[in-house]
Amino acid sequence: MKRRMFIQGSLAAGVAGIAAPAAMAKWSADTFEAKGMDATIAAMGAGEAEASDKIKIKAPEIAENGMVVPVQIKSEIEGTETISLLVAENGTPLTATFTLGEGAAADVKSRIKMGKTSDVIAMVTAGGKTYKNHVSVKVTKGGCGG
Amino acid sequence: MSTIKLRTKEKEGMIQVKALIKHPMETGLRKDSKTGEKIPAHYIQEVVITKNGTQVLQADWNGSVSKNPYLAFSVKGAAGDKIKLSWKDNTEKSDEVEATV
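The listed protein sequences derive, respectively, from chains A and B. One point on numbering: in the working numbering, the residue at position 135 of the first sequence is 135, and numbering is uninterrupted. One point on numbering: in the working numbering, the residue at position 89 of the second sequence is 89, and numbering is uninterrupted.
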């Protein structure tokens with residue numbers, strides 16, 4: 001509860017510059033509004049990510065409708081703390097970050113928008129390290145309002 | 001009328017949580033087809049799920065999550081646990097709902 005109150009409190013203060021402790025996921029414009037993969041990865045501090053096939057990404061090979069692309073990410077890396085989902089070719093690649101609490105399985109499902117054919121990248125943090133894996137999804141009709 | 005549909009089911013010590021939230025999830029890039037003006041960004045930034053008051057999942061999103069977002073995951077637990085989901089968007093709107101497994 002204390003943690004939630006802190007988050008609410010700091011948001012209410014409306015000060016974007018407050019540096020939250022690294023472990024605390026707070027919605028960050030720096031990462032979610034970063035344009036292009038390089039800037040996003042730099043903002044996430046994930047430049048050193050290690051490729052891992054212990055991250056399983058389930059997404060369609062071909063998505064007919066880029067508005068709704070179902071994606072499932074499962075991490076078999078022990079001690080998985082966060083799972084992030086990026087779409088390389090979207091204007092703002094970072095789509096979602098899931099922060100796991102006590103007892104939560106490292107297995108999340110959602111639906112995302114894709115502007116065009118792109119790699120879908122999953123990044124997992126565990127024990128202070130970052131891991132990544134990716135799949136390619138072909139999009140026949142884009143979903144980013146172009 | 002709540003914007004959230006929350007389904008929970010206990011199976012072998014895990015609670016399966018599925019949620020569907022009614023929300024436009026506008027990226028801010030789309031243009032109105034009649035006026036040609038940009039539709040302002042309006043999307044959920046933060047979803048928090050708690051079990052008996054303890055946070056078990058936080059999802060931070062941007063406008064690339066589909067309209068009427070869907071979210072599914074599972075957490076250790078038992079029948080009778082209370083699962084609460086709340087969301088907040090970039091216009092400070094929010095909603096929450098609680099379900100007992």
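Since the hints were derived computationally from the structure, they do not count as laboratory data. Backbone N, C-alpha and C define an ideal beta-carbon position, used for all residues, glycine too. Heads up, a few of these hints could be off.
Here are some chain B residues the structure puts well away from chain A; computed CB gaps all over 10 Å [what the hints assert, rightly or not]:
{"hint": "1", "residue": "E37"}
{"hint": "2", "residue": "D60"}
{"hint": "3", "residue": "S64"}
{"hint": "4", "residue": "A72"}
{"hint": "5", "residue": "G77"}
{"hint": "6", "residue": "K82"}
{"hint": "7", "residue": "D95"}
Restricting the straight-line Cα-Cα distance to at most 27 Å, the calculated cross-link-like pairs of lysine-lysine (DSSO-like) are [as the list claims (entries may be wrong)]:
{"hint": "8", "chain 1": "A", "residue 1": "K138", "chain 2": "B", "residue 2": "K88"}
{"hint": "9", "chain 1": "A", "residue 1": "K35", "chain 2": "B", "residue 2": "K76"}
{"hint": "10", "chain 1": "A", "residue 1": "K58", "chain 2": "A", "residue 2": "K138"}
{"hint": "11", "chain 1": "A", "residue 1": "K74", "chain 2": "B", "residue 2": "K38"}
{"hint": "12", "chain 1": "B", "residue 1": "K76", "chain 2": "B", "residue 2": "K38"}
{"hint": "13", "chain 1": "A", "residue 1": "K109", "chain 2": "A", "residue 2": "K56"}
{"hint": "14", "chain 1": "A", "residue 1": "K58", "chain 2": "B", "residue 2": "K31"}
Facing chain B, from chain A, some residues (calculated, C-beta under 10 Å) [to be verified]:
{"hint": "15", "residue": "S28"}
{"hint": "16", "residue": "K56"}
{"hint": "17", "residue": "M67"}
{"hint": "18", "residue": "V69"}
{"hint": "19", "residue": "P70"}
{"hint": "20", "residue": "S84"}
{"hint": "21", "residue": "V108"}
_Hints numbered earlier in the text: which of these fail when held up against the supplied structure?_
2, 3, 4, 5, 8, 9, 11, 12, 14, 16
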